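A.B. asks: Sequence:
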Amino acid sequence: MPIKLTWDLLISVFFIMGISYGFILQREKILATILAVYVSWAVSLVWAKPIFGLLTGKTMVFDQLWFKTDLTLFHVKVGLFVLIVVLLALKGDFADITRRIGGSSSPLIVFLYSFLNAGLVLSIIFSFMGPKAMVYLSRVSHLADLVIEYKNWWIVAPAVVMIVAGFMRGVEIGPPAQQQDVR
1 MPIKLTWDLL
11 ISVFFIMGIS
21 YGFILQREKI
31 LATILAVYVS
41 WAVSLVWAKP
51 IFGLLTGKTM
61 VFDQLWFKTD
71 LTLFHVKVGL
81 FVLIVVLLAL
91 KGDFADITRR
101 IGGSSSPLIV
111 FLYSFLNAGL
121 VLSIIFSFMG
131 PKAMVYLSRV
141 SHLADLVIEY
151 KNWWIVAPAV
161 VMIVAGFMRG
171 VEIGPPAQQQ
181 DVR
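Using UniProt numbering, the first residue of the sequence shown is number 1, and each one after it goes up by one.
Hints were generated in silico from the structure; no laboratory data involved. There's no promise every hint is true.
Listed below are the simulated DSS-like cross-link pairs for lysine-lysine, each with C-alpha atoms no more than 30 angstroms apart in a straight line [unchecked claim]:
| # | residue 1 | residue 2 |
| --- | --- | --- |
| 1 | Lys49 | Lys132 |
| 2 | Lys91 | Lys49 |
| 3 | Lys151 | Lys4 |
Here the structure is a predicted model, which means the values were calculated and not measured.
Please take these sequences and the hints and turn them into a complete structure.
C.D. replies: This is the structure we're talking about:
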């Protein structure tokens with residue numbers, strides 16, 4: 001029996017891949033990826049329209065038309081978002097931040113970070129869509145409807161979990177305290 005490709009299937013596979021990614025790379029790397037997602041989202045919101053103008057010929061530079069493509073603003077936002085996430089996740093200077101966190105983490109925390117990261121990415125990508133596309137996607141996919149409906153929770157939850165996990169660990173974020181020799 002052939003597998004029917006649906007949005008629910010694609011979203012499920014995305015979550016499975018995101019959770020697997022988290023378990024392979026562990027907590028420090030998934031935290032760096034979550035930070036990269038937040039930064040990429042902010043950059044995409046600010047820079048997508050100017051880049052869209054350049055790529056579609058609506059903005060001229062030095063009185064010259066540089067590009068003329070048939071891209072949509074959605075394509076530019078998603079492309080810019082994915083590009084920046086990948087660059088920051090691979091080459092971002094998060095080593096110092098994640099080194100300060102230290103220690104190993106429980107599989108439950110890694111699962112939670114990975115699950116929330118996947119939901120955050122999908123929520124951001126869906127938010128780049130126009131209202132008509134989101135309504136259509138909500139109608140044809142129960143999982144997409146949940147991601148779209150709870151967008152604010154997907155955005156806030158990773159940050160809340162990071163804060164709560166930090167308090168639960170009792171770890172101070174910052175350089176380790178110096179031990180004094182008491183004799």
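A.B. asks: So which hints don't hold here, by number, going up?
C.D. replies: Structure breaks no hint.
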